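Chemist: Protein chains in written order, with the working numbering: chain A, 3 to 370; chain B, 3 to 370; chain C, 3 to 370; chain D, 3 to 370.
It is worth saying that the hints were derived from the structure and are not from the lab.
Source: prediction; values computed, not measured.
Since the list gives no way to pick one copy over another, a pair counts as held whenever it fits inside one copy or between any two copies.
Straight line, CA to CA, 25 angstroms or less: simulated DMTMM-like cross-link-like pairs of lysine to aspartate or glutamate: (1) K196 - D74; (2) K196 - D305; (3) K181 - D294; (4) K181 - D305; (5) K171 - D305.
Protein chains: 4
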Amino acid sequence: MLNPNSEKTSEILLKLNLFGCVEIYMWMIIAGNTMERIRVGVIGAGRMGTTHAKNLLAHVGDVEFSFVVDTDREAAERLAKTVNARQLFGSLEDVDLGMIDAAIVSVPNIYHYPIVTPLVSQGVHVLCEKPLGLRASDAYELMRIAEKSGSILQVAYNRRYDPAYQRCKRLVEEGNMGKILHIRSQTIDPEPPKGWEADTRLSGGIVFTTCCHDFNLLTWLTGEPVIEVYACGSLMVHRESLSPDDYDNVLVVLRFKSGATGFVFAGRFCTYGHDVRTEVHGERMSVRVEQDRMLPIEAYSGDGVRHDYPYWYMERFRESYINEVKHFIECIKTGSRPLTDALDAAETLKICEAAVASILSGKPVGLS
Amino acid sequence: MLNPNSEKTSEILLKLNLFGCVEIYMWMIIAGNTMERIRVGVIGAGRMGTTHAKNLLAHVGDVEFSFVVDTDREAAERLAKTVNARQLFGSLEDVDLGMIDAAIVSVPNIYHYPIVTPLVSQGVHVLCEKPLGLRASDAYELMRIAEKSGSILQVAYNRRYDPAYQRCKRLVEEGNMGKILHIRSQTIDPEPPKGWEADTRLSGGIVFTTCCHDFNLLTWLTGEPVIEVYACGSLMVHRESLSPDDYDNVLVVLRFKSGATGFVFAGRFCTYGHDVRTEVHGERMSVRVEQDRMLPIEAYSGDGVRHDYPYWYMERFRESYINEVKHFIECIKTGSRPLTDALDAAETLKICEAAVASILSGKPVGLS
Amino acid sequence: MLNPNSEKTSEILLKLNLFGCVEIYMWMIIAGNTMERIRVGVIGAGRMGTTHAKNLLAHVGDVEFSFVVDTDREAAERLAKTVNARQLFGSLEDVDLGMIDAAIVSVPNIYHYPIVTPLVSQGVHVLCEKPLGLRASDAYELMRIAEKSGSILQVAYNRRYDPAYQRCKRLVEEGNMGKILHIRSQTIDPEPPKGWEADTRLSGGIVFTTCCHDFNLLTWLTGEPVIEVYACGSLMVHRESLSPDDYDNVLVVLRFKSGATGFVFAGRFCTYGHDVRTEVHGERMSVRVEQDRMLPIEAYSGDGVRHDYPYWYMERFRESYINEVKHFIECIKTGSRPLTDALDAAETLKICEAAVASILSGKPVGLS
Amino acid sequence: MLNPNSEKTSEILLKLNLFGCVEIYMWMIIAGNTMERIRVGVIGAGRMGTTHAKNLLAHVGDVEFSFVVDTDREAAERLAKTVNARQLFGSLEDVDLGMIDAAIVSVPNIYHYPIVTPLVSQGVHVLCEKPLGLRASDAYELMRIAEKSGSILQVAYNRRYDPAYQRCKRLVEEGNMGKILHIRSQTIDPEPPKGWEADTRLSGGIVFTTCCHDFNLLTWLTGEPVIEVYACGSLMVHRESLSPDDYDNVLVVLRFKSGATGFVFAGRFCTYGHDVRTEVHGERMSVRVEQDRMLPIEAYSGDGVRHDYPYWYMERFRESYINEVKHFIECIKTGSRPLTDALDAAETLKICEAAVASILSGKPVGLS
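Next up, chain A with everything else stripped away, as it sits in the complex:
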């Protein structure tokens, strides 16, 4: 299919046929087209697919949406309308991948691997939701395919695009903290997962949906490989809504090669909001990242002092999602390696696998 971005003659045509302000308006659009627009396909029109697509539209200029695909046709339609996508499909099989330069993949975790494989094979740039499949070996394979085809393959570990975590990383790198000794991260959701996320066969369970964020963050912040993982988990609150092989209370100990220790906790019971906190202890400085209120207002009464708390990750990490898609487009334009690439995602999956193995065996698991 023809790339409309190269249709530079259309500018004249429009001027001849239209009048008044419409003519001027057309001029603008065409002017925009003198730069190459990136044609994006949105695969998966759920919460994250919608977020990514909206952010691309509002905060990144040079994209256009070729299509939205979702088996839930209504969701696809809603999103297509919102972002002015040209077409919508109920199945990926109906799509001609030649229509797009790039794809946003936000589908159940189990489908990340089979869906991303043909995309990167055909040279489509992909922003894939985390994790990059449910097996480290699959992620390594996707990495190799993408390297061969020249696809940018970015994985949506959004915390790395969060300004506070980026400042934290900078503090580590500047060296004023000294050697990193201990690092900790927790992610407690206010509610149990719903839909496919509640089905461990599709999501991989809490280690693959939640802990992967913390693993990815901690290895990035320390720059250290993990050599051993010990984990344990229990299902205490949501016995009825969660799969029996899932957990709402997971605790993971990481040992880094340097001797530093790490700790990750994940839960699904924080009535007050999305309690996501990280702390890094260095020899000379410690850093804590936590957004502990949403609105900057406090009420003082006979009951004491009260303030709110960010309820959900969308509120806490709003800016990171914008930065993430900006980074994706920037990498496509400049041919750069994304901050959160497939290699990195594969290594995170190795930790996930080890954590699950440790929970099941009750023993620490070494990583080669």
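Fit chains B, C and D to the given chain A structure using the hints.
Modeler: Below, chains B, C and D without anything else, positioned relative to chain A:
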């Protein structure tokens, strides 16, 4: 001039003359046009004009920019390009007001009155930067003109659109605070004003550029009329960059009809950032509004614990500016009275006038 | 009367007459007596008198209590027992001032002047509760008497002995803050005064009981004389329990000689606790002093995040009271001028007088 | 030996032999003795022994110090003088235990068991520093001996006497938190241990000196038995000053019978202060305990906002130490079981032993 929004036949024309995906794109635009788009003129392409125009574009769907006007042609051009404005002018005299439904007026304070007058006279809806001129009598006149012509005249007292202040107002209204006894607000800028804002003949000085925000906020929050104003001011830091009749340290006492007292402080010397804080003391509850950090990260070292602070009002009030233009468009669409209307702005100006009179006379000044 | 401290031979006597561990115990006491003990009389056995006396006993070694006087004989008895005072009196007239080296005076404000006068006239060192009487002229007179007799006359402006305020003062003095531009202090009590404090004839009302603290603090922190005072007040909540000429909402503007401005607010309605806060704005640094919680614990629930607040000044300023009496004893021992001396207290009273005059006249009042 | 408290005739004797105010003074002392004073021996005059003795003297009325023992004769002398102890010894062998009703034992951990054994065997009440020896079996034995002899045996797990932790415990017990799901505690010291604490043969190392606090706290707060322990440790910073079998980075995972998980971290590298924090996550509420500043003052400058942090446990836990000795005396007077008794201390030691076994084996260790 013809309103292009009603040109519904253009859809077919476009389809005949264009091909492929461009055609589909055009279809979308025209589909968008089946709803009435509001044609907006941007008068003043400085910091606030740019902010308002960008927010309209990114966060409010149904607008298009008819023109940008600024005597600084480069600024006008830059903004016109950013928001896809159809035309740009170096002078308002060149503009046909029939081109627009609405205008954003962000020019030096002294020009608010002469520029808004013809706009509202001709029925153009106006979002005017605060204050609404430099004389309460002018503001009252604009109010009457707008009422007659049916123009929506909204004044950009953005704090009222800030989620934290809105929650504060709700707390007052819900009655759990009890009777309001004392209210306080301060606004200390990290830097002295530049450009026209540094010229009291154009800006009116700190009372009209800064304190007006706090006056407007406090009367809204209390819902009480001010009956007496006492103020004093000094120029202690920026003697060289500020007009000799301006201040960098202003303190205002407000007495409300109910017996409640108010206090406003304005300064221009906060090296750490834009220190804007408000507190409301009621019989049974006190509320404080202050955003005391920008990024949710803290560093702990031998020097103690350290975090950042929001440096400038753009960062602190980002969301309020978005809500403000949304409200403006909503009022236009529904014909509602804006939250920050001309009457309200006129009353704020009365307090400004009294504050200046008090500074000059050294005595409290009663308000009728 | 003989000073028992000099009875160094008693040691031997005791050893001869007593046996076993009692003997040893006696030895200790007598050993203590080889240093001169300061004989203290406690005049006024109410809340503050009790606090001062207990702190002397627990935290300052070399004192003994010669007597406690209070017209409330039960209160006197209770305190005498607690601090092992040798005698108790129902009236000061029964007391031989030769019994004491020093006195703690904590009686209704109106009696400060008549009670302190004979004490300092006879060379007794005095720690007098604030304010030092209800008239500046009386305070100046006491200052002169004390200078002549060589009495240490310390006034219990305890905030100056608070570690946080002392650090604040140090920050000002070190010069890193730059020139002080604006300073602010508020004191809102959780409850209206009771007993004699509720009677303006005895206490002088809120300006003399509460604002005097803030005035004293602000002039100390800035090191600047006040040249003008504007104040206003209202009685909004406690119309039934307070004198009709008292206020529960007082607001005072101070103008310093340097051009800096000051602001003081006092109230009596903070249901959550003793809201005492101070902030100092310098050219290059701002400092805030506020203890915003009592226990270091926070609860997070569906209602948001909640913590407590220090309820009363005894909790907030516990340490300052200890330091205050230590300072008093230290000044006596070394003959030093107290940090909060009579001159300073007299100047604070001048501001109190001006504030009351301003409230009554509705006009700013100049200070010579 | 005769209890001097019963020597009521001494009052008369004193009156006969002494004169003037000394006589009156004696009368007070003797009056105090009409209530039974508890005779306390202080065994160990180091930091904690000194703290406990001083707190007893300043905050608990009815005690007297029979002796101080320390192999460091200077330390013993210093403390004896401070608290007016009657005698001092360089060795416990010189002491007649009949001299005392109660003892404060603050000696190197390894000596807790051999020193406490004869004390409780002879019915002396003991406040012993934590841990209660270095072996759970020893602690159980001490428990049995104390039960038999009727001694009060309290172990100085001071956090349980901290008002914030006590409120935390109350929140758990009141049931509003719901079932406890996860609990966490960390203790990072600003400096490595010195003296005997740096010698693992005497102290047992970081698990016995530091983690025991957190273990004791978490089992108390949850009221749940620990069924499995996994721990790992490394020595990263203080390789030169610490024993090679000690750690400065220890991480412990606790599994409770209920399925709840616990986590303990201990370190020795927090340059900013004593970072001790605890959080408890329940189904409906989470609670965090942390004192995050010492003085209530913040400085705002171009460098951001800065405040201090409590540097050492003495500052953070000052009040707990006072409450602890008060509780000890109260238990002696009323014959009550101490909040932190030997049984409890023995169970904490079982967790310590399991943690060390886990560190050494690299595997989780079950607790029966």
